[in-house]
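Same order as they appear, the protein sequences are chains A and B. In terms of my numbering, the first sequence has 273 at position 273, counting the first letter as 1, and numbering is strictly consecutive. In terms of my numbering, the second sequence has 1373 at position 373, counting the first letter as 1, and numbering is strictly consecutive.
Everything labelled a hint here was simulated from the structure, so no lab data went into it. Every value quoted in this text rests on a predicted model; they were computed, and no experiment measured them. We put the beta carbon where it would ideally sit given N, CA and C, even for glycine. Hints should not be assumed to be uniformly reliable.
Claimed, not checked - Across the chosen pairs, the derived CB separations fall in these ranges:
id, chain 1, residue 1, chain 2, residue 2, range
1, A, 72, B, 1354, 52 to 62 Å
2, B, 1046, A, 128, 22 to 32 Å
3, B, 1372, A, 102, 54 to 64 Å
4, A, 102, B, 1195, 20 to 30 Å
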Amino acid sequence: MPSERIPREAIAARLAETGYVADRELATALWMMDYLKRPLLIEGEAGVGKTEVAKALALVHGAELIRMQCYEGLDANSALYEWNYQRQLIAIKAREGSGERPESIEALIFSEDYLLERPLLAAIRRKDPPVLLIDEVDRADEEFEAFLLELLSDFQITIPEFGTVRALSIPRVVLTSNGTRELSDALRRRCLYHYLDFPDVDREAAILVARQPGIDASFALQVARMVAGLRKEELRKTPGIAETLDWAATLAGLGVGDLSAEPEIVHATLLALLKTHEDRARVTPEVTARLAGRAA
Amino acid sequence: MTSPLASPASPGAGMRRRLSGFTATLRGAGFSVGRSETGDAARVIASPLADRPERLRAALKALLASNRSEYERFDELFDAFWRGRGVRRAQATVALGIANRARRFEPGPGGTGADGLQQRAQAQTPGETTAEGRGRERGASAQETLARKDFAILAAGPEREAALALAERLARAMRARVTRRERARRKGRRIDLRATLRRSVARGGEPIDLKFRKRKRRPLRIVALLDASGSMEPYVPVFTRFLHALSQAFAQAEAYLFHTRLAHVSSALSERNPQRALDRLSLMAEGVGGGTRIGDCLGDFNRVHAKRVIHSRTCVMIFSDGYDTGEPEKLASEMRALKRRCRRVVWLNPLTGREGFAPVARGMRAALPFVDLFAPAHDLESLAGLERYLARL
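Bound conformation, chain A alone (with noise of 0.2 Å):
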């Protein structure tokens, strides 16, 4: 057993040791994937904190966390492991008078040495069961999706000029989706699906007070509720989580201590929240203000 379960409680408590602010379910999805062994899915709009689950998830059981960022094009070299080619070409040209075994110089140049790690080898490689975070699996190809699954359920990879590699100790693994794409039915049914919302207003305002330390309890409810106030606009790009952070640091380093007493300077810097032309024209200084007003 290559590490103890944790009881539900006390993810849940460690989870508010780590700073995130997490909603009730999700503490039992994550106590749930180490008892049923599965990977976690995570769905939601951009910037709702699906990768800060990974991270924090990593924190509770600390465990280190490894993180593969998916692209369209990414394949299982990219992903898994790697020669280094340009290394292996040095040392057979460095040999190639010397008068060794052929066999020796393949033994050397297909050594541990000679080989990149990928995230996903790194992952099975290590003895203590990291977290594996696969970032945006959406935006890989179908391919590498069927690739996954099968690496998701036999935790092993087959180097054909090395041998089987057996998982160590098995990740826990953390998949995130923006819903680019759709994701196939096998891969939604191997994993425990969570669909992460925008928070809201107390826990956003709870976030705050977490991240943000010296912040001010109820100034964090008024910033929370206006950042709500907006989201029901129709904006192009929706702020996330970490667009309100970065606002409340920004008014607090202006000193702004109360939303409805400087309209301007809270006008002026909603640029850290609205990061479109469109959005920028449409939430005027009046809408600004009426929101202030509601949430203040």
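Chain A is already provided as a structure; the job is to place chain B on it using the hints.
This is chain B only, laid out in the frame that chain A set:
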């Protein structure tokens, strides 16, 4: 309350039976719950999580829901089954799931007349299966007169059927040529060391022949939005047939129908037999009436469907005459949003080919700035002209 949750969790036979009842309820509501999930659910019920209903609910939700809509419906179903709350609402949810599934598997009512049409359609096809590219072109030119006839004038009867079959062949031929052009590219930008080393074995270990790698090209995806309003009526049969063939030929094609609202009709078009596909399509498009609300329908598409069906190599084709009863501003803003998402927007307007046509309809004028290709689509020849454009994407 006789809730089993009140008793300490020991997954006795009774509990197991209730669990399988619950998974059956979920399946009825459209969830796909397999055997391994059921087994794990039993383990969850045996775990300390089962002591508290909220936790058990959260746990089973994480396990048994597999997308957002299931995730959001789960609590209601759970509460109704295990705690007897909100039963009526949950039944509605279940009924909805059943209705959806029933519709999906319902065979189209192939009328008696359909068989005759089918045979005729098959009689048209052998040329398509045997001939190579050139043969296809010749086939098309042999029916030149037909190809130039306005769809609106094509009456019912054999002439129309031939035109439909021609539209279908055209769509298939398009696919064949579009792909051939892609394959011609040979050199890449980066050296593929893995392949180069493998190749060097033949040269005694010297890497003489360099291998390159190039980006894998994603196949073109076509998303078609077909206006099925009253003013488009004469053109709809030909366009649906064309779309049917496109969705058969392109591995990735999605189709939508709109008039006052938007309907996703890809599942109907995946039916192999064209006549049955059309029958199913007309079933799905029922409720046609009133004016066309292009802006609202596009908005619906942008919000709900676009994220899923549009990727970096998607071409959106809109078949419409541009007569919109909604606000032109709305249409313009939705077109702008659509344009931002996809690679190309093609607007095919059957009226463009008519003599003396100018895009004066307010909706059409509002949409034009966001259209990459505004092309006529009043006869088969104009549809054939599309191919050149698609190949460049």
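Checked hints:
| no. | hint | result |
| --- | --- | --- |
| 1 | 72(A) - 1354(B): 52 to 62 Å | violated, 42 Å |
| 2 | 1046(B) - 128(A): 22 to 32 Å | holds, 28 Å |
| 3 | 1372(B) - 102(A): 54 to 64 Å | holds, 59 Å |
| 4 | 102(A) - 1195(B): 20 to 30 Å | holds, 22 Å |
The structure fails hint 1 only (numbered hints given earlier).
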